[in-house]
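J.: The residues making up each chain are set out below.
Number of protein chains: 2
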Amino acid sequence: MSENLFGQHISKQFNAELEDIRNRVLTMGGLVEQQVLDAVKALAEGDLLLAEKVIERDHEVNAMEVAIDEECTQVLARRQPAASDLRLVVAVIKTITDLERIGDQAEKVARMGAHLTKIPRPENQYIEIQHLGELVHRILHNALDVFARMESQAALEVTQEDARIDREYEATMRQLVTFMMEDPRTIKRSLDIMWAARALERIGDHAKNICEYVIYFVEGKDVRHTELVTRRD
Amino acid sequence: MSENLFGQHISKQFNAELEDIRNRVLTMGGLVEQQVLDAVKALAEGDLLLAEKVIERDHEVNAMEVAIDEECTQVLARRQPAASDLRLVVAVIKTITDLERIGDQAEKVARMGAHLTKIPRPENQYIEIQHLGELVHRILHNALDVFARMESQAALEVTQEDARIDREYEATMRQLVTFMMEDPRTIKRSLDIMWAARALERIGDHAKNICEYVIYFVEGKDVRHTELVTRRD
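If you read the protein sequences in the order shown, they are chains G and U. Per this note's numbering, the first sequence runs over residues 1 to 233. Per this note's numbering, the second sequence runs over residues 1 to 233.
A few of these clues could be false.
In this list, chains with the same sequence are indistinguishable; a pair is considered to hold if it fits within one copy or across any two.
Unchecked claim - As a list, the in silico DSS-like pairs of lysine-lysine whose alpha-carbon atoms are at most 30 Å apart:
#, residue 1, residue 2
1, K41, K53
2, K12, K221
3, K118, K53
4, K118, K221
5, K53, K12
6, K118, K188
I should point out that these hints are in silico values taken from the structure, not numbers from a laboratory. Keep in mind that this is a model prediction, so the values were computed, not measured.
Please model the entire structure based on the sequences and the hints provided.
T.: As structure tokens, this is what we get:
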């Protein structure tokens with residue numbers, strides 16, 4: 001990435017530290033993105049081994065959050081950053097919290113997937129989860145991309161994808177309720193699918209939060225809870 | 001509160017700023033606690049006006065988060081705090097994120113409550129939500145109390161209350177599934193109760209997170225994701 005994201009520091013070491021933090025966030029983001037993909041695939045394909053792998057790897061996500069958080073606190077203490085450097089560190093502290101929670105939601109989807117392997121598969125092969133999963137993967141991928149490039153206009157555009165996810169989610173829920181009422185024997189399975197859909201919808205919210213931190217970093221102002229970007233959590 | 005929570009600063013003004021931040025977090029906590037109480041009451045008693053009041057007041061919670069966040073960033077920039085002062089500011093930044101999300105969950109409970117006023121009330125008067133609501137209110141109240149006193153041992157004890165909430169939540173869910181299977185006409189209502197129960201369970205998780213930030217502040221180490229305290233989100 002270009003040098004001009006950060007201010008000119010007397011200390012090259014400080015530049016290297018900020019760059020290192022940024023790279024670690026992107027590495028964490030990559031792992032979380034893979035977790036989401038794998039969780040949806042495990043559920044859709046009834047792959048118990050893959051579901052178990054996702055559940056197992058959540059520890060790695062957690063460990064990354066703690067390590068980056070620690071590094072940020074040390075940078076705050078030692079370097080006493082100001083202006084955009086400070087906003088970067090604050091944005092990172094918030095971003096990793098959302099990434100960690102995306103990891104938790106992916107783990108939940110994987111748990112539902114593992115649970116669902118024990119019962120007969122529906123004819124539609126969980127198409128609603130696959131579809132929602134694709135939308136959610138895309139917003140997460142785009143959010144990580146704008147974080148990497150630190151572009152506020154692109155970040156704003158990505159936040160708008162969340163509205164579509166919310167609409168798809170609502171439609172999925174209505175359909176599942178209809179199934180349950182038509183055939184009460186599908187209630188338990190439908191509930192598992194609902195929880196998975198809910199977890200995916202929340203991943204969309206977290207991805208949107210990450211975009212808001214990018215805007216905060218670039219613009220130097222907090223856009224949360226404004227009309228520009230309204231968050232659903 | 002006692003002076004000795006903070007280090008001795010040359011600047012009395014700095015002490016006053018930290019004290020002000022702490023007081024504002026407690027004010028925000030008080031509002032959020034009231035929102036949770038009102039949301040559960042509105043749902044349990046079918047009080048549409050109260051539900052609408054909760055939904056309306058969520059803006060106040062959001063505004064408080066943004067204002068405290070801004071104040072913390074300014075303190076980091078101007079005062080360049082170190083050691084326990086720095087940990088306090090970081091703990092506050094994280095705590096207000098959880099408080100804001102508790103506010104969101106309270107709003108969700110209120111929305112379910114408003115929705116449920118349109119359909120006949122069950123014989124049990126939503127006893128499961130009332131019961132879960134009491135447990136969740138208690139853990140939140142206790143979490144805010146340990147935040148006010150900054151006591152790590154008490155914080156550790158409060159985190160343990162969350163396991164009981166999780167058990168009650170699981171029992172509630174199982175019971176609601178049974179109702180749905182026995183009488184599919186109750187499916188829609190049961191789903192609303194489930195979403196409300198889920199929101200309450202998540203408030204318990206956020207309260208636990210706040211306790212973990214208190215431990216981080218006092219002990220100077222991060223206890224998240226350790227065996228001591230395992231978080232469910």
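J.: All hints are to be evaluated individually against the structure, with a verdict given for each.
T.: How the hints compare with the structure:
1. K41 to K53: within (12 Å within a copy, 42 Å between copies)
2. K12 to K221: Answer is both: 27 Å inside a copy and 29 Å across each meet the 30 Å cutoff.
3. K118 to K53: within (17 Å within a copy, 44 Å between copies)
4. K118 to K221: neither (49 Å within a copy, 41 Å between copies)
5. K53 to K12: For K53 and K12, neither the intra-copy (40 Å) nor the inter-copy (53 Å) Cα distance is at most 30 Å.
6. K118 to K188: both (12 Å within a copy, 26 Å between copies)
Violated hints, in rising order: 4, 5; the structure is consistent with all others.
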